[in-house]
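Generate the whole structure from the sequences, applying the supplied hints.
Residues in the sequence shown are numbered from -14 upward in steps of one, following the working numbering.
Simulated from the structure, these hints should not be mistaken for lab results.
Treat each hint with caution, since some may be false.
Here are the simulated BS3-like cross-link-like pairs (lysine-lysine), alpha carbons at most 25 Å apart as the crow flies [unchecked claim]: (1) 40 with -6; (2) 512 with 549; (3) 549 with 505; (4) 251 with 276; (5) -6 with 329; (6) 549 with 503; (7) 549 with 592; (8) 329 with 160; (9) 295 with 592; (10) 276 with 295; (11) 329 with 295.
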Amino acid sequence: MSDVLWTVKNVTLPGNPAPRLDQFTASLASRPTALLGPSGSGKTSLLNLLAGFEKPASGTIDCHLEQANDRLPLFWVPHTWGLWPHLRVHDQLQAVATDQTRPQLDELLEAFDLNSLVFRYPYQLSQGEQSRLAVARALMTAPQVLLMDEPLVHVDPSRTPGYWVFIRHWCEEHKIALLFSTHQAEVALREAEEVLCLQDGRLVYQGSMSELYQSPPSAELARYLGPTNWFETEEAHSWLQTSTTGSQHCRPEHLTWQPDPTGPCKVEQAHFLGSHQEVDLHQPEQNLRRKVWLRSGLHQMQSGERGFLKALLLLICLCLLPGCESAEGVVLPIESTRYWMLPKAGPALPAPRGMGMSLDQNVLILDNGGRVHIYSPAGNLIRSWYMPAYDVGKAEGIVQLQDGRIAVADTHYHRVVFFNEDGTLHSTIGELGEGPGQFIYPVSIAEDENQNIYVSEYGGNDRVQKFDSTGNFLLSFGSFGDTEQAFQRASGVVWHEGLVYVADAINNRIQIFSDDGKFKTTWGTSKHPLELNYPYDIAAGPEETFYVVEYGSGRVTKLNSEGKLIARYGSTGTAIGQFNTPWGLTVDQLGNVFVADTGNRRIVLLKQ
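Now the structure itself:
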């Protein structure tokens, strides 16, 4: 199935008095996707168009679903459920069962608590029972794509999460792409990776769910995913006593109340709402008032109580690793995180692969669409261009040299490509081969203080080659294997203070050499224990630290100059604070870490 299911361009759907959709443009991907927005924002209208139930007055809708003889391209659960009035519960499922799903009919009835209702007609069911039946029938068809308009909205909230777990697992088992609308932020957060926010028939946001939750572009968009605390610059100064510039965003779990009889804030009233509290605060000295939302805890705030607000450091990921009672349990202290996705390439959404830092501390990114990007640390795109060729395979390593050139390890073209800072081609070195100055698969590049260049490669001739600034071969070291001074996929290289550090991925270790190729030591052996799981890239940070991204464990590991573990961050997954097959990372002069979260198709900034 194509990653992009529909491409909607400038679609208008008339309404009274205003259009239901107004010049709506979006790409709908195969990742679990939620449509969010207030009533009348256009969610149902969009689903109607995708299902073919309505036609747009203008604009185009291109469907990219593949034709398959053995399954439906899509199945639609409208908000009215669309049940057949002449069929009993059992027969509703039997009528749409496929050869693949028919043996699972009883499983579906049981999963949605319909066993006792099999002989009833739709008119004999409650709204919640009809809602459950409509979803079970849709799953029974095992289509390529499942469209659902506010599914399970009338179901008992205590039972809904269990039904969603079944939906999720069923869609994974049968490879069903899921697109649904909802008013429930907790459902969207739990079940969707992608989110589209609608307002007055227009798309106001499209991106990853985690990015909208953690780093929303505005207070209005932040509220699509539940209560939040948005402070403009002056408000942050007054209420949080911070000196930062720009707005500050704190979800209830990231803001805490510190009781203090001398504090500047006074509680006027507090309402317990289960998972969080809604609190009205007053600063008598400045005559300021505002409402805040805080996570509920053991301390219930009382009217008249004084204290102050404190924004918590954001430690999204707790220790999920074995041996947490040792150094393995130290979590990298992160002040905040930010996520962004790369621009689309036609209908496709490329994923980041290689990462580097420019001389002026902007972020260099290679994606698997064959492009080079330069981003500001805040995630603003500065410039992009394509590699000279990229049909055979994509480049993986990138660095800006001291003379301003940007060097790219053009992995599958067996060369290093040099660009000028404006993206124009400067020169290339290398060709396919195993001799000096030749490459199998060059994958990473580093530069030393004398402007010499180090290129690591894999493909059976795993080694590191050293060149001068003009591309003349100087020496090489390493070979293929699992013994000392040998590599199996030398996927990352960095030079620091006269030493060359190589991420030896398959051997799960870091090997260190002098810059004239003499072996020094290895991190990740019985003599120097260090648990690494497919370390794919390595970067030097400030204060004699190193950062390693572990492809196999979905985490970032921080080491000191002796290779001792300082802290880790992350685990494998798609949620906030997780990574899915990360390929690369880079670190700026402030210690902020930028990660190519390749499997999740996003860049992750870990701000320390």
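Do the hints match the structure? See the list:
1. 40 with -6: holds, 13 Å
2. 512 with 549: holds, 12 Å
3. 549 with 505: Since the Cα atoms of residue 549 and residue 505 sit roughly 16 Å apart, the hinted pair holds (cutoff 25 Å).
4. 251 with 276: holds, 12 Å
5. -6 with 329: This hinted pair holds, its Cα atoms lying about 14 Å apart.
6. 549 with 503: Holds. Residue 549 to residue 503 sits at ~22 Å (cutoff 25 Å).
7. 549 with 592: Measuring from Cα to Cα gives roughly 22 Å; hence the hint holds.
8. 329 with 160: holds, 24 Å
9. 295 with 592: holds, 18 Å
10. 276 with 295: Status holds; Cα separation ~15 Å.
11. 329 with 295: violated, 38 Å
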